[in-house]
Amino acid sequence: ETGVTQTPRHLVMGMTNKKSLKCEQHLGHNAMYWYKQSAKKPLELMFVYSLEERVENNSVPSRFSPECPNSSHLFLHLHTLQPEDSALYLCASSQERTELWGYTFGSGTRLTVV
Amino acid sequence: EDQVTQSPEALRLQEGESSSLNCSYTVSGLRGLFWYRQDPGKGPEFLFTLYSAGEEKEKERLKATLTKKESFLHITAPKPEDSATYLCAVLQDGSEKLVFGKGTKLTVNP
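Protein sequences, first through last, are from chains A and B. Note that the working numbering numbers the first sequence so that position 106 is 106, with each residue one more than the last. All you need for the working numbering is the position in the second sequence, starting with 1, plus 1000.
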């Protein structure tokens, strides 16, 4: 365990379903991130939260909806996804938003949209 | 145009066969260059941050170096447990967004 816990580890959902991904950190970090990792592509930043406030939305479709109720928890709500949204979704945290000591990543949720 | 390019895409080594992975970047005003290791089914694990040309950092069999245009991750006498995908990322001056490369998949055969 890295200190960042993601659930579920695997998720299969239909295109009409609604599901949520959960991320939890108890490292005392102030910034949390959602990344998408697809095969043969670099990690893509989706959302950044700093002190529970969304500070960046990297042109992500509205079918992805983040929520950060407190500094320890981050959710990614999913609805009416497309098959091309199948990927590994990674949550990360850092002490500050411009952290030069590196991010701590969770193990990810492997999402398959059918 | 990719800002961070890693090569090779995949590398197979025999145990004990030293080699290097490359990360070239085109951003101006580098704040930091990061190396991560990612094992299958897991998230990336932070290895190093390099801040300026000429800097070197070491961890066990790994040594990272930085020039003004690229970074190398040298692996000395690798072991099978060093098999993983190694990711490079850069943080540019004035930006708060890490830009990642596609990674190099390293396989070390016993």
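These are calculated hints, taken from the structure and not from any lab test. Hints are not guaranteed to be accurate.
[As the list claims (entries may be wrong)] In silico lysine to any residue, SDA-like type, Cα no more than 25 Å apart, as pairs:
no., chain 1, residue 1, chain 2, residue 2
1, B, Lys1097, A, Ala31
2, A, Lys22, A, Leu45
3, A, Lys40, A, Gln95
4, A, Lys41, B, Val1027
5, A, Lys40, B, Asp1039
6, B, Lys1057, A, Gln95
7, B, Lys1059, B, Thr1005
8, B, Lys1097, A, Pro66
9, A, Lys18, A, His73
Hint check:
1. At most 25 Å may separate the alpha-carbon atoms for a hinted pair to count; Lys1097/B and Ala31/A meet this at roughly 12 Å.
2. Only pairs whose Cα atoms come within 25 Å are accepted, and Lys22/A paired with Leu45/A is accepted, the gap being roughly 17 Å.
3. Distance check on the hinted pair: Lys40/A and Gln95/A sit about 29 Å apart at the alpha-carbon level, beyond 25 Å; violated.
4. Pair hint Lys41/A plus Val1027/B holds up; C-alpha atoms about 19 Å apart against a cutoff of 25 Å.
5. Between Lys40/A and Asp1039/B, the direct Cα distance comes to roughly 15 Å. Compliance with the 25 Å bound is thereby established for this hinted pair.
6. Taking the CA atoms of Lys1057/B and Gln95/A, the gap is near 22 Å; set against the 25 Å cutoff, the hint holds.
7. Between Lys1059/B and Thr1005/B the alpha-carbon distance is near 23 Å, which keeps this suggested pair within the 25 Å criterion.
8. Taken as a hint, the Lys1097/B and Pro66/A pair is honoured in the structure, with Cα atoms around 18 Å apart against an allowance of 25 Å.
9. A hinted pair counts as satisfied when its Cα atoms are at most 25 Å apart, and Lys18/A with His73/A qualifies at roughly 19 Å.
The structure fails to meet hint 3 from the earlier list, while all remaining hints are met.
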